[in-house]
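> The primary structure of each chain is shown beneath.
2 protein chains.
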Amino acid sequence: MSKLNASILIIGNEILSGRTQDINIQYIAKKLNKIGIQLSEVRVIPDKENKIIKNLNELRKNYRYVFTTGGIGPTHDDITSISVSKAFKRKYEINNEAYKLLKKYYINKKLNQGRLKMTKMPRGAKLIKNPLTIAPGFYINNVYVLPGVPIIMQKMFDSLVKTLNSSKPIISRNINTNLYESTIAKTLTKFQKKYKSCEIGSYPHFDTKKKAGNVNVVITGTNKSTLEKAIKEIRIALKKIGN
Amino acid sequence: MSKLNASILIIGNEILSGRTQDINIQYIAKKLNKIGIQLSEVRVIPDKENKIIKNLNELRKNYRYVFTTGGIGPTHDDITSISVSKAFKRKYEINNEAYKLLKKYYINKKLNQGRLKMTKMPRGAKLIKNPLTIAPGFYINNVYVLPGVPIIMQKMFDSLVKTLNSSKPIISRNINTNLYESTIAKTLTKFQKKYKSCEIGSYPHFDTKKKAGNVNVVITGTNKSTLEKAIKEIRIALKKIGN
Chain A
3 MSKLNASILI
13 IGNEILSGRT
23 QDINIQYIAK
33 KLNKIGIQLS
43 EVRVIPDKEN
53 KIIKNLNELR
63 KNYRYVFTTG
73 GIGPTHDDIT
83 SISVSKAFKR
93 KYEINNEAYK
103 LLKKYYINKK
113 LNQGRLKMTK
123 MPRGAKLIKN
133 PLTIAPGFYI
143 NNVYVLPGVP
153 IIMQKMFDSL
163 VKTLNSSKPI
173 ISRNINTNLY
183 ESTIAKTLTK
193 FQKKYKSCEI
203 GSYPHFDTKK
213 KAGNVNVVIT
223 GTNKSTLEKA
233 IKEIRIALKK
243 IGN
Chain B
3 MSKLNASILI
13 IGNEILSGRT
23 QDINIQYIAK
33 KLNKIGIQLS
43 EVRVIPDKEN
53 KIIKNLNELR
63 KNYRYVFTTG
73 GIGPTHDDIT
83 SISVSKAFKR
93 KYEINNEAYK
103 LLKKYYINKK
113 LNQGRLKMTK
123 MPRGAKLIKN
133 PLTIAPGFYI
143 NNVYVLPGVP
153 IIMQKMFDSL
163 VKTLNSSKPI
173 ISRNINTNLY
183 ESTIAKTLTK
193 FQKKYKSCEI
203 GSYPHFDTKK
213 KAGNVNVVIT
223 GTNKSTLEKA
233 IKEIRIALKK
243 IGN
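Chains A and B, in that order, give the protein sequences. Each residue of the first sequence is one higher than the one before, starting from 3 at the first, in my numbering. Each residue of the second sequence is one higher than the one before, starting from 3 at the first, in my numbering.
The hints are simulated quantities; they were obtained by calculation from the structure and are not laboratory data. Be aware that a few hints might be false.
As the list makes no split between identical chains, a pair holds if one copy fits it or if it spans any two.
[As the list claims (entries may be wrong)] Heads up, simulated DMTMM-like pairs for lysine to aspartate or glutamate below, C-alpha to C-alpha not over 20 Å straight-line:
#1 Lys195 with Glu51
#2 Lys241 with Glu230
#3 Lys198 with Glu51
#4 Lys53 with Glu201
#5 Lys36 with Glu201
#6 Lys131 with Asp209
#7 Lys50 with Glu60
#8 Lys5 with Glu51
#9 Lys36 with Glu235
#10 Lys50 with Glu201
#11 Lys157 with Asp209
As the structure is a computational prediction, the values presented were derived from the model and not from experiment.
Please model the entire structure based on the sequences and the hints provided.
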């Protein structure tokens, strides 16, 4: 579909332990879709330097954009920035612009070790502004380093997304049916073969009260008129079967 | 921490498009923690055969357990079972036991192409029973293949989890503080060095109404008494700072 692709690297023990429910994937995915960037892979890894370096180097080689979330705070378990520096073989140092921002923000307070840590990043990195809590994220080549706290990440991503290359938005239409997925499988296969530029997905749900399933058929693509044509034909075909 | 580790491979365009919010990671993570299995990595990939094979082969080599979710239904976009067969270089064929289960379930209906597809898996795979919608998952060596629909996945995982090797449960305690993360960073570093068998994490939240943050300090480990000792000392130390 889209030639512009992206991946997310979620750095966070809290997701892997189940303590925190991730909501960043969906947020980023939706925003990327809107500007025609296809999210093609997500990895969730622990706050471990060797893991961060290895995974980041794999992803940044394979995808146009890589977004990392988590691990850029002031505490000992925040090791994303130093790890990114190592992945890029760049010096990990105080960024002057970030230093000025934090100095101004904490005007009556000491720029202690923890706060100072949030100004450190790979040499040559450029800032991603943080309107809420000031401590910035950064980007270097195709890697965008963001915080894990959703409300802060979202604000930063919203301004960042405007700076990315965009292509035709990825749009989707859906049909809900009470037919069995197995009953409509053959029909969907036929339409997938006919409409190769679209992606036809079939997503069953299960209603525990009714003890019955239903299926959401989703057609995705970048060409609106093809999409509308496909959805119309599929709708008719499903009605013939019994929907 | 735990020597028993695991990874999850989420196979699903619907997660990558942002259409669906994943809730399977957290469910599996929590259940694994309880029996001392550490979830160490998660990957979300599209329903593409080459991606499934590549990622599955990497994960199954690196982790004691691999759980896949999604892509085992009857439609054209469900390609997990055939891809797993290829990853293991096993024949993809009708499993007799699965066939009998579905034949019995659809007693008055035809076992059409879609339904028949749900009985196909790698030769030698063993079934994971599905009490809700009958079509089973399967496991082969250290790879457990589950559906993506959360309610069905959960029921299947609940019975499956009893069959896994277990070790000491991974337990955690937490302290909530209104202090800045940057203010407590140094103290937490000190305790992390003192309690090497525990993992001390620091997770900021941001309250948009109050325009203020607070921090959740989480101490994780498998030794309960060490954990209690650590949490007691950290609590005292944070009180001294001002909590």
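> Confirm or reject each hint.
Each hint, compared with the structure:
1. In the homo-oligomer, the alpha carbons of lysine 195 and glutamate 51 lie at most 20 Å apart only across protomers (17 Å), although the nearest pairing inside one protomer, at 45 Å, exceeds that limit.
2. Taking the closest pair of Cα atoms, lysine 241 and glutamate 230 come within 20 Å of each other only inside a single copy of the chain (17 Å); across copies the shortest separation is 62 Å, beyond that limit.
3. In the homo-oligomer, the alpha carbons of lysine 198 and glutamate 51 lie at most 20 Å apart only across protomers (17 Å), although the nearest pairing inside one protomer, at 42 Å, exceeds that limit.
4. Taking CA atoms no more than 20 Å apart as the test, lysine 53 paired with glutamate 201 passes between copies only; the shortest distance there is 17 Å, against 33 Å inside one copy.
5. Taking the shortest alpha-carbon separations for lysine 36 and glutamate 201, only the intra-copy value of 16 Å comes in at or below 20 Å, while the best inter-copy value is 39 Å.
6. When the C-alpha separation of lysine 131 and aspartate 209 is checked against a cutoff of 20 Å, the pair qualifies only between copies, where the shortest distance is 19 Å, while the shortest distance within a copy is 44 Å.
7. In this homomeric assembly, lysine 50 and glutamate 60 come within 20 Å of each other (Cα to Cα) both inside a single copy, at 16 Å, and across copies, at 19 Å.
8. For the identical chains of this complex, lysine 5 and glutamate 51 are inter-copy neighbours only, at 19 Å across copies versus 31 Å inside a copy, given an alpha-carbon limit of 20 Å.
9. Taking the closest pair of Cα atoms, lysine 36 and glutamate 235 never come within 20 Å of each other, the shortest separation being 25 Å inside a single copy and 49 Å across copies.
10. In this homomeric assembly, lysine 50 and glutamate 201 come within 20 Å of each other (Cα to Cα) only across copies, at 12 Å, whereas the closest approach inside a single copy is 37 Å.
11. Taking the shortest alpha-carbon separations for lysine 157 and aspartate 209, only the inter-copy value of 14 Å comes in at or below 20 Å, while the best intra-copy value is 35 Å.
Comparing the model with each earlier hint shows a violation of hint 9 alone; every other hint is respected.
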